[in-house]
Amino acid sequence: MNRKILAQTLVLAIAVSTLTGCAWWNKHILHKKDVTTGSQPGGIGSTSIDSKVGDRVDLTNEGSRGEFTPVYFDYDSAKIKPSEFTKLEAVASALKGNSKKLVVEGNTDERGTAEYNRALGEKRALAARQALISLGIDGARISTVSYGKDRPVEMSHDDTAWSRNRRDEFVTINQ
Amino acid sequence: MKIWLMFFCFVSVVQAQAQVDIRKNFVKKSIAVVGDAPVAAVLKNDLRLSGAFEIKSANEAEYLALVSGTSCAVSQSATKTAVLAKAYQATGRTLAHAMADDIVQTITGQRGIAQTKIAFIYAKTPRVKELAVMDYDGFNIQVLTRDGKSSGHPRWSPNGQKIAYTSYWKGYPDVLEADLDSKQRRVLASFPGVNSGAAYSPDGSTIALTLSKDGNPELYTMNANGGGFRRLTNTDGIESSPAWSPDGQSIAYVSNASGTPQIWLIDRNGGESRRLTASPSRNTEPDWSRPPADAEAKPAIAVTSEVGKFQIGIYDGDRTVTPLVADGIDNSDPSWAPDGRHIVFAKARNYRSRLYLLDVRTKEQIELPAIEGEASEPAWGPWR
Chain V
1 MNRKILAQTL
11 VLAIAVSTLT
21 GCAWWNKHIL
31 HKKDVTTGSQ
41 PGGIGSTSID
51 SKVGDRVDLT
61 NEGSRGEFTP
71 VYFDYDSAKI
81 KPSEFTKLEA
91 VASALKGNSK
101 KLVVEGNTDE
111 RGTAEYNRAL
121 GEKRALAARQ
131 ALISLGIDGA
141 RISTVSYGKD
151 RPVEMSHDDT
161 AWSRNRRDEF
171 VTINQ
Chain P
1001 MKIWLMFFCF
1011 VSVVQAQAQV
1021 DIRKNFVKKS
1031 IAVVGDAPVA
1041 AVLKNDLRLS
1051 GAFEIKSANE
1061 AEYLALVSGT
1071 SCAVSQSATK
1081 TAVLAKAYQA
1091 TGRTLAHAMA
1101 DDIVQTITGQ
1111 RGIAQTKIAF
1121 IYAKTPRVKE
1131 LAVMDYDGFN
1141 IQVLTRDGKS
1151 SGHPRWSPNG
1161 QKIAYTSYWK
1171 GYPDVLEADL
1181 DSKQRRVLAS
1191 FPGVNSGAAY
1201 SPDGSTIALT
1211 LSKDGNPELY
1221 TMNANGGGFR
1231 RLTNTDGIES
1241 SPAWSPDGQS
1251 IAYVSNASGT
1261 PQIWLIDRNG
1271 GESRRLTASP
1281 SRNTEPDWSR
1291 PPADAEAKPA
1301 IAVTSEVGKF
1311 QIGIYDGDRT
1321 VTPLVADGID
1331 NSDPSWAPDG
1341 RHIVFAKARN
1351 YRSRLYLLDV
1361 RTKEQIELPA
1371 IEGEASEPAW
1381 GPWR
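Quick mapping for you: the protein sequence lines, in order, are chains V and P. Just so it is clear: in the first sequence, position 159 is 159 by our numbering, and no numbers are missing. Position in the second sequence counted from 1, then plus 1000, gives you our numbering.
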């Protein structure tokens, strides 16, 4: 029964987004200060009832950062290392005691192109999300964002800095 | 249907295997430019950047270009024969660029690039990255957005009217489209997860892009008018950075399905993909040259290769990549000019990114004028 309602809603959502999609121009004039204000986030086909990556939460409400230790990665890898498992278990057990939402932020070091690193950062965030789901957390509570190479925590250009920048950070949000 | 897919794959691979034509004995014409100072100076630089000319003094040069007001007259020095005489409506740099393209066309028979534009990502400070466009020579910079967030990966529509790019305007990476004529922009893709890497098909009807909405960064296509999302790849790895073949039938892209990121090829309708590159260890950001005006130059895929540092290379069709810019400095994000001869790319000396032009034929690199902050992820616009 639930599944049927979900399917119907999905069909409706797709129909609505198709109808409104083509004409959905944001009335923003380029090169103007107010370019970021006005319309809602989301766009053509952005209705994501069956989202497999967690619905977006509003990032304008600053969440709580630093509550959890970042998970670190090897170069050009999105594999969760055994050394990082306990960090994810700590995140999972904290989330079990509340109803907060979690944003996993994927980051890379500065080497390589911006675009590939954006995809790699997303893969890292999704890897942690998947691990948290397997630890019993509802995937609907966990969304991901990749900052690629844009947000290093260490600004120097050496192996130590790079290893600290290849990370997932966890931000909890009350909503 | 299956036979058609196979046919397209076959054609695309044959094209990809064609060697890029780097003529070692390419001879430049010599030209002298005299006349009204500001316009003549820009014209001189344009002719130098064309790669077809070297600038000499009036008594040494094969050709003499005389700039007077908004008119330009070009003659052959030896015979005093007039080859070009034209009056223009434009002024300033626009005037000089128009003259340059006419001179290049008249003397070499090739279409010039002096009136083309380059889109890029402008970072005045490291975390604030805006969409910008400029003339191909690095002047006349216009910063189009004022979001105060990050953005990336600009790509031109084939008619040069629109630019699709990635913007963190609402905090998450969305694909937006900026219309340079109407000065408006709209959202093309805003799903949960990553929305990035948009690239228009050569006919402008379709956009290829990277989405992770189904749980993994994968390649999709969508209608350029909006919607119609269609998934092309399905791996456990990362797919990103699509680039269309000149005939619009296939898409080169990055996948790390084989362990490290390499360039793969897939039909525009999906189906079986095949790996193009196997070495060096990592290859990313393919850009397929458009059909060149010069019939002797073959379509080729420029890439960013990691060999310790990052370098620009060209896929030569034999699973390997021939280095093009390998100077021990980090070079990345090559983008072909519409003439199929020039490339714009980013060079990060001391981790500060600036833009350079490269003449693939002569291998000359030209550093574009310095700007405050950094410039990265260039995309050379089409002829308009």
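Worth flagging that the hints you see were computed from the coordinates, not collected in a lab. Where hints are given, some of them may not hold.
DSS-like, lysine-lysine: derived pairs with alpha carbons at most 25 Å apart [claimed, not checked]: (1) P:K1149 to P:K1080; (2) P:K1044 to P:K1124; (3) V:K101 to P:K1149; (4) V:K79 to P:K1309; (5) P:K1086 to P:K1124; (6) P:K1124 to P:K1056.
From a predicted model like this one, the values you see are computed outputs, not experimental measurements.
Here is how each hint holds up against the structure:
{"no.": "1", "hint": "P:K1149 to P:K1080", "in the structure": "57 Å, violated"}
{"no.": "2", "hint": "P:K1044 to P:K1124", "in the structure": "30 Å, violated"}
{"no.": "3", "hint": "V:K101 to P:K1149", "in the structure": "23 Å, holds"}
{"no.": "4", "hint": "V:K79 to P:K1309", "in the structure": "24 Å, holds"}
{"no.": "5", "hint": "P:K1086 to P:K1124", "in the structure": "41 Å, violated"}
{"no.": "6", "hint": "P:K1124 to P:K1056", "in the structure": "38 Å, violated"}
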